[in-house]
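Engineer: Sequence:
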Amino acid sequence: MKRIGICVTAVVFLLLNCGTLVLSEAHENWEVGTEISHITYKEPGIMEEKGMMHGIFGSYIYRSGFMLKAEGRFSAGQVDYDGELQDGTPYTIDNINNYGLEFRGLAGYDFPILKASILTPYIGIGYRNLYDAGSKDPAGYDRDSNYIYSPIGIEVVTDLDDKWSIGATAEYDIFWRGKQISYLSDANAGLSDPENTQRKGYGVRGSIKLMKRGEKFDFAIEPFIRYWKIEESDISAVTYYGNIVAYGYEPDNNSTEIGCKLAVMF
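Everything in the sequence shown is counted per the numbering used here, starting at 1 for the first residue and increasing by one.
If you are wondering where the hints come from, they were derived from the structure by calculation, not from laboratory data.
Careful, some of the hints might be misleading.
[Said to hold, decoys possible] Straight-line alpha carbon distances no greater than 20 Å define the calculated DMTMM-like cross-link-like pairs of lysine to aspartate or glutamate that follow:
1) K69 - D94
2) K212 - E35
3) K179 - E43
4) K50 - D137
5) K200 - E171
6) K212 - D137
7) K179 - E195
8) K69 - E171
9) K163 - D80
10) K50 - D94
11) K163 - E222
12) K42 - D161
13) K261 - E102
14) K261 - E35
15) K229 - E43
16) K42 - D80
17) K42 - D252
18) K50 - E71
19) K209 - D80
20) K115 - D161
21) K136 - E102
22) K50 - E257
23) K200 - D137
24) K229 - E102
Using the sequences and the accompanying hints, generate a full structural model.
Structural biologist: Here it is as structure tokens:
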């Protein structure tokens, strides 16, 4: 992740001497679009899932010296599982349906830099959900991952001329709490569905955005990367028809998502 951070920082500083930018009066705009990405989820030494995701997103932004933003996205796709059964037997499952949902609220302040750029540091609150529908396989079960976090980041936008602008975003996500629900009853009706609390971790994300102004709508393309690293969860009991038969936890895990967004702004 260090190389990505260096690249985004370099873009930010290279932008500062282009064009002429003037802060306007209070205004608001909407952004809607679609995204495609490749996600890899790993529990090191235990299992790996990877595959393609397709999604839609939207956001509302209000600016008047300060910035307020509400955004959400939904994605769906299929991933392939490569791991092992409880007895250590290697096991694979193909085409597991995955669904992602995320909502974020952000607040920041716009700082003009030199003559062409606006730098916006921001902070906010976010919720992320990833649902892994693995129960179609006899040995599989559904898994529901939930994160509450606070994004802290910097966005810079620079006008190149009267039609084009370019921007970059770098963000660190403070992980507050996670809950992992494992629907073991999908595999065996007598088993409980344990809930494991996750307390430590972090996220990092970054993007570069190229925008073109039109007469009625503006358009943008935005390559991005999102990364999460979550530490081992608390332990919870697993019961079989009400009797405790085991204790389990969610292992250390990480996920990397690389993709591109296409947007219309108005």
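Engineer: Hint by hint, say whether it matches the structure.
Structural biologist: These are the hints, each one checked on the structure:
no. : hint        : in the structure
1   : K69 - D94   : violated (38 Å)
2   : K212 - E35  : holds (18 Å)
3   : K179 - E43  : holds (16 Å)
4   : K50 - D137  : holds (17 Å)
5   : K200 - E171 : holds (18 Å)
6   : K212 - D137 : violated (46 Å)
7   : K179 - E195 : holds (7 Å)
8   : K69 - E171  : holds (15 Å)
9   : K163 - D80  : violated (43 Å)
10  : K50 - D94   : holds (10 Å)
11  : K163 - E222 : holds (17 Å)
12  : K42 - D161  : violated (43 Å)
13  : K261 - E102 : holds (15 Å)
14  : K261 - E35  : holds (4 Å)
15  : K229 - E43  : holds (10 Å)
16  : K42 - D80   : holds (12 Å)
17  : K42 - D252  : holds (9 Å)
18  : K50 - E71   : violated (26 Å)
19  : K209 - D80  : violated (30 Å)
20  : K115 - D161 : holds (12 Å)
21  : K136 - E102 : violated (25 Å)
22  : K50 - E257  : holds (10 Å)
23  : K200 - D137 : violated (31 Å)
24  : K229 - E102 : holds (17 Å)
Of the numbered hints listed earlier, those contradicted by the structure are 1, 6, 9, 12, 18, 19, 21 and 23.
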